[in-house]
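Visitor: Just need the whole structure built from these sequences, with the hints factored in.
Residues in the sequence shown are numbered consecutively from 1, following my numbering.
Hint data in this document are derived by calculation from the structure and do not stem from the laboratory. Keep in mind that a hint or two might mislead.
Unchecked claim - Cross-link-like lysine to any residue pairs, in silico, SDA-like; alpha carbons within 25 Å at most: (1) Lys612 <-> Asn670; (2) Lys470 <-> His499; (3) Lys486 <-> Val229; (4) Lys486 <-> Pro532; (5) Lys486 <-> Gly500; (6) Lys543 <-> Ala511; (7) Lys486 <-> Asp415; (8) Lys486 <-> Gly389; (9) Lys470 <-> Arg451; (10) Lys486 <-> Pro462; (11) Lys470 <-> Arg510; (12) Lys543 <-> Lys486; (13) Lys470 <-> Ala426; (14) Lys543 <-> His497; (15) Lys470 <-> Ala386; (16) Lys612 <-> Ala550; (17) Lys543 <-> His365; (18) Lys612 <-> Pro627; (19) Lys612 <-> Ala525; (20) Lys612 <-> Ile501; (21) Lys486 <-> Lys612; (22) Lys612 <-> Asp92; (23) Lys486 <-> Arg516; (24) Lys470 <-> Ser403; (25) Lys470 <-> Pro423; (26) Lys486 <-> Ala350; (27) Lys612 <-> Arg663; (28) Lys486 <-> Asp455; (29) Lys543 <-> Asp356; (30) Lys486 <-> His499; (31) Lys543 <-> Pro532; (32) Lys486 <-> Arg663; (33) Lys543 <-> His527; (34) Lys543 <-> Ala533; (35) Lys470 <-> His457; (36) Lys612 <-> Ser254; (37) Lys470 <-> Arg411; (38) Lys486 <-> Ala426; (39) Lys543 <-> Val526; (40) Lys486 <-> Gly312.
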Amino acid sequence: MKNDEPDAHEIVYMGMPHERVLRPRFYLAVALTLPVLILAMGPMLIPAWSHGFPGLSHTTNGWLQLALSTPVFFWCGWFFIRRWWWSIVERDTNMFTLTVTGTGAAYGYSLVALIWGHHFPPALLTAHGVPLYFEATAFITTVVLLGQILEQRAHARTDAAIRSLMDLTPPIAHRIDSDGQETDVPLAAVQVGDRLRIRPGENLPVDGAVAGGRSEVDESMLTGEPEPVLKTVGDALSAGTVNTSGAMVMTARSVGEDTLLAKIIKLVEEAADSDPPIARLADRVSNVFVPTVGAIALISLASWWIWGGDQGWLWGLLNAVAVLVIACPCALGLATPVSIVTGIGRGAQAGVLVKDATALERLAHATTLLIDKTGTLTEGRPRVVAVEGDADTVLALAAAVESHSEHPLARAIVDAAQERALPVPASTDFHSEPGHGARATIDGAIIEVGRVSPDAHIAAHPHASLVAVKRGDALLGLIALEDRIKASTPAALRALHAHGIRVVMVTGDRASAARRIADELGLDAVHAEVTPARKQELVNEAKAQAIGQATIVFAGDGINDAPALAAADVGVAMGTGTDIAMNSAGLVLVRGDLAALAAAVTLARATLRNIKQNLFFAFFYNSLGLPLAAGLLYPLTGWLLHPMFAGVAMSLSSISVVTNALRLRRVRLN
1 MKNDEPDAHE IVYMGMPHER VLRPRFYLAV ALTLPVLILA MGPMLIPAWS HGFPGLSHTT
61 NGWLQLALST PVFFWCGWFF IRRWWWSIVE RDTNMFTLTV TGTGAAYGYS LVALIWGHHF
121 PPALLTAHGV PLYFEATAFI TTVVLLGQIL EQRAHARTDA AIRSLMDLTP PIAHRIDSDG
181 QETDVPLAAV QVGDRLRIRP GENLPVDGAV AGGRSEVDES MLTGEPEPVL KTVGDALSAG
241 TVNTSGAMVM TARSVGEDTL LAKIIKLVEE AADSDPPIAR LADRVSNVFV PTVGAIALIS
301 LASWWIWGGD QGWLWGLLNA VAVLVIACPC ALGLATPVSI VTGIGRGAQA GVLVKDATAL
361 ERLAHATTLL IDKTGTLTEG RPRVVAVEGD ADTVLALAAA VESHSEHPLA RAIVDAAQER
421 ALPVPASTDF HSEPGHGARA TIDGAIIEVG RVSPDAHIAA HPHASLVAVK RGDALLGLIA
481 LEDRIKASTP AALRALHAHG IRVVMVTGDR ASAARRIADE LGLDAVHAEV TPARKQELVN
541 EAKAQAIGQA TIVFAGDGIN DAPALAAADV GVAMGTGTDI AMNSAGLVLV RGDLAALAAA
601 VTLARATLRN IKQNLFFAFF YNSLGLPLAA GLLYPLTGWL LHPMFAGVAM SLSSISVVTN
661 ALRLRRVRLN
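Guide: Structure, rendered in structure tokens:
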């Protein structure tokens with residue numbers, strides 16, 4: 001185990017420790033339960049032992065069963081007992097309330113029967129003495145342990161694939177000192193601003209940018225694309241990717257928990273711990289179901305006691321125990337979380353990071369998608385195609401202001417100035433207002449780069465995005481920029497339309513440029529020249545018009561999208577966007593590709609369908625077994641349900657639920 005790996009006791013899912021803690025208890029439970037089953041069931045299954053276990057009296061047999069089942073109940077099942085106690089103290093009944101109540105009832109009755117069985121009325125004795133049910137206690141505890149291990153493994157699979165990516169970061173980095181000397185340092189010692197040498201074939205240790213050299217970088221572990229990407233000076237680099245050919249020097253920009261990989265792991269872990277509304281529904285059902293089952297058990301005990309004849313109390317107790325055991329809502333408790341965490345894990349493999357499990361459920365009911373243009377529908381890498389006015393002056397001043405901004409249009413202006421080798425003056429007092437533009441002070445004058453008037457245009461580029469450059473109130477010129485539609489966007493939009501989702505563009509760009517994109521892509525509607533506040537208003541208006549469970553989704557990648565992302569029923573951020581956008585969203589698309597959003601809708605609907613199937617299985621088994629366990633059919637058929645067979649039925653329901661949930665790992669998302 002690595003030194004930085006958290007202790008297994010600290011990794012808790014649904015109040016249970018990591019499966020590494022449960023496994024030794026399960027192995028011991030199996031080792032002890034098997035002989036208990038042989039001691040208890042041997043005379044019933046093997047005719048030669050019909051008069052008792054060979055060489056053992058009934059009393060000695062019972063004491064051996066007690067000795068073997070006690071550690072199973074109290075040590076192997078300790079975490080169940082703890083959860084049972086919490087449910088009693090907090091008055092929050094759950095699956096463990098019935099599990100421990102049922103096994104505890106069987107254990108307590110058997111202990112009393114073993115110690116004081118000679119005081120029982122003769123009518124209660126069988127050919128082998130007073131019946132004991134230690135095997136039911138041990139067996140049920142063991143199978144519930146197995147179910148919990150399966151559940152914990154399902155949780156572990158959720159982020160196992162992404163956690164393995166962290167192992168791709170090298171333990172050391174080659175840091176270049178100010179005097180040009182290269183020193184190998186531990187990864188934890190790397191700081192922002194450090195210059196690091198990346199040799200061919202090495203994994204990148206941190207996020208950063210190319211400071212020297214050029215090479216092709218394999219980013220498949222992050223984007224899923226097999227082709228290496230050429231990286232030159234200024235291009236962004238991500239930790240864990242592989243330098244395939246040339247030597248490079250990089251500048252560290254994000255280290256430790258600030259790297260993209262670390263953020264991805266954190267998002268998945270937070271999502272696995274969040275409960276969707278359907279999970280809370282299951283909890284509410286449990287709060288009613290558990291007391292109801294308890295009441296049925298008491299009624300069964302009382303009815304048999306009153307009307308069951310000489311052995312009525314005994315049969316009443318046995319049937320009450322059977323009711324408690326078979327009604328144990330293990331399957332109900334597993335139905336939602338196993339599907340959710342498996343779905344989240346499947347999404348992570350497809351580049352869909354679910355920050356909040358609620359978002360995954362709500363996405364299944366999506367009817368309307370409001371979507372930003374730049375960086376979402378388009379590549380987000382606009383380029384300057386024309387400048388009106390004194391081109392060099394306008395572009396240099398605009399670049400001086402926009403050098404402080406991370407907006408795609410700003411980066412395009414700065415890149416254009418660098419390509420022309422223009423001298424960019426220094427600027428101070430930078431201020432940005434999302435959706436309106438930015439300004440800064442240059443040589444004592446306020447230069448503003450921002451929105452244009454509605455009638456502004458450049459004849460040669462009528463549909464281009466325009467940026468106005470002003471000195472004070474004087475217009476210096478216009479900059480025209482164009483952004484290409486992502487190659488994957490048309491197919492992704494067709495898939496979203498096939499899901500019955502209406503797609504509406506909501507952008508701050510000018511109307512003509514927005515309409516050109518909307519017409520080319522066949523969007524259902526377009527809202528152009530909108531501010532961040534207006535984007536949020538449009539989201540709220542769409543939510544007000546939604547009917548029933550219909551949900552509104554907003555997808556974007558910029559700071560100006562954050563209010564709308566937070567206001568939507570489901571906010572979807574592009575992984576290529578800003579941290580603020582990703583923090584405001586419920587889902588993050590690692591590749592910044594709408595095709596992943598279509599896949600996320602498919603996954604969400606498959607997950608919700610899977611949860612409903614699991615809930616059906618849970619209630620079906622319980623509804624089928626309760627009448628038999630309570631003895632309701634005994635007057636008509638003479639059928640009763642032994643507590644151990646009740647445990648078998650309960651475990652089968654749990655296994656069927658887990659098996660059904662794990663089918664999500666193979667669901668096709670394209």
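Visitor: Compare the distance between the alpha carbons of Lys543 and Pro532 with 25 Å, and conclude whether the hinted pair is satisfied.
Guide: Satisfied, since the Cα-Cα distance of roughly 17 Å is no more than 25 Å.
Visitor: Are the Cα positions of Lys470 and Arg510 separated by 25 Å at most?
Guide: Satisfied, since the Cα-Cα distance of roughly 18 Å is no more than 25 Å.
Visitor: Is the hinted pair Lys543 and Ala511 satisfied, with a Cα-Cα distance of at most 25 Å?
Guide: OK: Lys543 and Ala511 at ~24 Å, within 25 Å.
Visitor: Does the structure keep Lys470 and Ser403 at a Cα separation of 25 Å or less?
Guide: Cα-Cα ~16 Å, so holds.
Visitor: Lys470 and Arg411: Cα distance at most 25 Å?
Guide: holds, 19 Å
Visitor: Given the hint that Lys543 pairs with His527, test it: the Cα-Cα distance must not exceed 25 Å.
Guide: Satisfied, since the Cα-Cα distance of roughly 16 Å is no more than 25 Å.
Visitor: When you check the alpha-carbon spacing of Lys486 and Lys612, does it fall within 25 Å?
Guide: violated, 36 Å
Visitor: Run the distance test for Lys486 versus Gly500: straight-line Cα separation, threshold 25 Å.
Guide: holds, 22 Å
Visitor: Is the Cα-Cα distance between Lys612 and Ala550 25 Å or less?
Guide: holds, 18 Å
Visitor: Below or equal to 25 Å on CA atoms is what counts here, so check Lys612 against Asn670.
Guide: holds, 23 Å
Visitor: Check the hint pairing Lys612 with Ile501 against an upper bound of 25 Å on the C-alpha distance.
Guide: holds, 22 Å
Visitor: Assess, step by step, whether the Cα of Lys486 is no farther than 25 Å from the Cα of Gly389, and give holds or violated.
Guide: violated, 31 Å
Of the numbered hints stated above, those contradicted by the structure are hints 2, 8, 12, 19, 21, 28, 32, 36, 38 and 40, listed in ascending order.
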